[in-house]
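A.B. asks: The task is simple: from the sequences and hints, build the whole structure.
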Amino acid sequence: MPLFTKNGKTDDKDIDYVAFDNWDQTEPAAVDVPIDVLPENIVPLIANIQSIKIEFPTFSDGRGFTLARSIRDNGYTGNLRASGHLITEQFSQAIDCGFDEIQIDEQLAARQAANDWSYVERRTYRDKLRSSNPSGKFFPVPDGVWSETVTAVQHFSDNLFRFRITRPDGFRFRSGEFAMIGLPNAENPVFRAYSIASPAWDEELEFYSIKVPNGPLTQFLQRIKPGDQVLIKRKATGTLVNDVLLPGSRLWMLSTGTGIAPFASLIRDPETYEKFENLYLVHTARTHDELQCGYDITEKTRIDPLVGEHAAKQMIHYASTTRETSKQMGRITTLIENGKIFSDLGVSGLSPETDRIMICGSIQMIKDLKDICIKNGFTEGSHREAGTFAVERAFAG
Amino acid sequence: MYQYDDFDSAYVAERVNTFRHQVEKRLDGRLTEEEFKPLRLQNGLYLQLHAYMLRVAIPYGSLNSQQMRALAHIAERWDRGYGHFTTRQNIQFNWVKLVETPDILKALSDVGMHAIQTSGNCIRNVTADHFSGAASDEIADPRPVAEFLRQWSTDHPEFLYLPRKFKIAVTGSSNDRAVTKAHDIGLRIIKNKSDEIGYEVIVGGGLGRTPVVGTVIREFLPQVHLLNYMEAILRVYNAEGRRDNKYKARIKILVRELGIERFRDKVESEFERLNDSADKLESINEKTERERISEFFEPPQFDTDTDLFEFEAARRNNPFFREWVKTNVHNHKQSEHAIVTISLKATGAIPGDASSDQMRAIADLAETYGYDDIRVSHEQNIILPHVHKRNLPSVYAELRKHKLQTANVGLISDIIACPGLDYCALATARSIPIAQKISTHFSDSAYAKAIGEMKIKISGCINSCAHHHVAHIGILGLEKGGVESYQITLGGDHRENLRLGDRAGPGFSADEIVPAIERLIDAYLGLRLDPQETFLTAYQRVGMAPFKAALYTEQGPKQALAS
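Line order of the protein sequences matches chains A and B.
Using the working numbering, read the first sequence as starting at 1 and increasing by one per residue.
Using the working numbering, read the second sequence as starting at 1 and increasing by one per residue.
It should be emphasised that the hints constitute simulated quantities derived from the structure, not laboratory data.
In this text the structure is predicted, and so the values were computed from the model without any measurement.
Check each hint, because a few of them may be wrong.
Stated by the list, open to error - Computed, partial: chain B to chain A, Cβ under 10 angstroms:
#, residue
1, N121
2, D155
3, G241
Even for Gly, the Cβ is constructed at its ideal location relative to N, Cα and C.
C.D. replies: If you want it as structure tokens, here you go:
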């Protein structure tokens, strides 16, 4: 029977669906779900389902749309098919509800031509209500600024997310630098400094951001989704780059919250592994949720085709929470001062002879760590003269 | 008032193009009538007894003079020179042609109007208090919320094929003029103890063949949670509402079958899930879009002139004007202003009908004297919400020229009536001619004034479009063995303490209905304590018995039918 996806007509896939009522619910399976199954009865089972088909007895029975959205809302990422009597006018709505594909019978297909089954790329009222620019008003892109397209968004928690945008042609930066980011939602848009979390060689740019309820930028930025436009100023800068530090054997990258961003870039740059023998990525945050971006990026780096081999051998990730109870708790300053971090890792304490330090995080954290560095004989590096520790001052978060 | 932004304009224009294409597909057979039906219904197009009828939304009953003139133009160009204002703040054109409807929709979209989702099993036009932004008892203007809900519900991919139609009403005043308890969802804007604005959410109300007074499902819902909570209610309804019997498919039946406690549990847990899900409408966003919308509803720059000499003089000297002010003019939150209700219930006229000339006259008045703001009420009258009292004599004089000066708002001839058997395919009896007979019979204004406040509502079938269940005197037209028979209910109340009327007994024939009403009125005038005691309060005091006696002892319905 004809099968249509967002991209047009496609060949029928050979999926062996088992009827919902006959499925024992313990074996992972492709499941054929009748339209009268309540969302609450299928949602708890989605982890065990590989593929779902929802049967529409008639196009006017809208239960399938609620089923689809409930399943998707609760995290189902597998294939989702609508099957039965649907009409072309419902195609875009079905896709918007989370269906991947629609299968109809031959008779209906004969009456409604294949090219009537096309997904209409459009902004809906839902997008408008969610959009960072609800009025849909067009503002010209200011001089010295690129407008780039969002390619991915991932929300880690209620106050932390990451996003990726296309990289403008001719945008150069060194791993660890930051750029100025804004949205095309005003005549004179608000810009904020964002460390680039992706390495200098990446085709896209990645950023981490907090969500501030009334933040001039982040209250809108947190709502972007793939396809939206983000503004980026043409010049990148920053002090957390390899050149600012003298060579050494150990590099300590100390971060709180989204301050991990420049290090997410540096640990994916081969130069970092050439310059230092051991990398210690230290990340603290209030809650476990907020540490997730650190776990994700180190995991990704260890299997990266370019630097993965080096990372697996040379990089250690050390994370702790400051508010939420977890196995490993405490502020970085405390962990250094009481030596816990060194005994946990089984390494010696800090020494200006062998160690280099980079600091990025909250204002208080920067101040305290800088004091510790100076007390221990470290000198601050700058673009004019390399040193033994470096601090990012543009960071506010 | 709200102005379409680029998105709204583009969206509505695109909908017109899509519908034009769908009409073509219907005509060339790619769509069957069965498949075309929900599509035309989602664009407001009904097939009635004699012709297609187009129902145009007047969102939350609010429009400006340019839009009113466009309605006048449509009535003239594509209909028979008049339109019919309904009890749900819509206007209906009764004689349109299928192939011309895309052109009508285009003319509407040019002035920021549409007919989207005015029928079909989807979320319908959101209605609101017709005195919003002007009433002296208002906590907050309900129109921004209603516009917010309009945007949310328009083309909502999940909720276009519900078990049955779904109606939402919003009020911002403690005196409920939006009949919120007779809607699938009613929202009352309230303040909590900390003075924060939120909503009392009422669910499962409705009239129709099974009248039910809505139940409070959430006593206080903070503003930011509105959309997610609406989404949760609709989700439970869409998944579990009955689809086996269209007469049991409304949400009120689901709420009744599950019980409010179980229904609430389901909604609350869905609401919680939605708040955790990736696809939730972030509360923070709602605030932003709501605030953007709210800016459009800032009150106009009111004329603060306190010189009311001309107004007072006219009131002293002109008894007709004085009477009109008494019945058709209400207090405004600005004391030197007033709210004017233009009655569409002239003696013998069809309730809610307005000619193109009348619509233009109203548009002119709104532009000249009314800050370009017009409202349509569920009682089928037109409101000029802001008129400086100094201008009332001029407004009145102008209304006279167009036969719009009838001073009967709230009186016995201010009747609500559905189109009935004259237009509607569902009707079982005529309602318009009954309304005309009653209004002609009680046209003596001194008599009508003596009777005082009276709400008569006439439905031509059990679907109750005229809300007869909540009328002081409700009339329901049925068909009994090929003859129209009119059932009477007494003591309904459409206000905040919604009450359904009680059935008096066997029905009356079309000829017998006016004498029956007359007997009820005589009984009331005979038993009321003083002229201040209204029919409704008298009924609440003495109950059905004396009225039933008046209705049936003197001349029973059987004799009436036989004569």
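A.B. asks: Now, for every hint given, state plainly whether the structure supports it.
C.D. replies: Hints and how they fare:
1. N121: Since the shortest Cβ distance to chain A is 7 angstroms, the answer is holds.
2. D155: 6 angstroms, holds
3. G241: 9 angstroms, holds
Hint violations for this structure: none, all hints satisfied.
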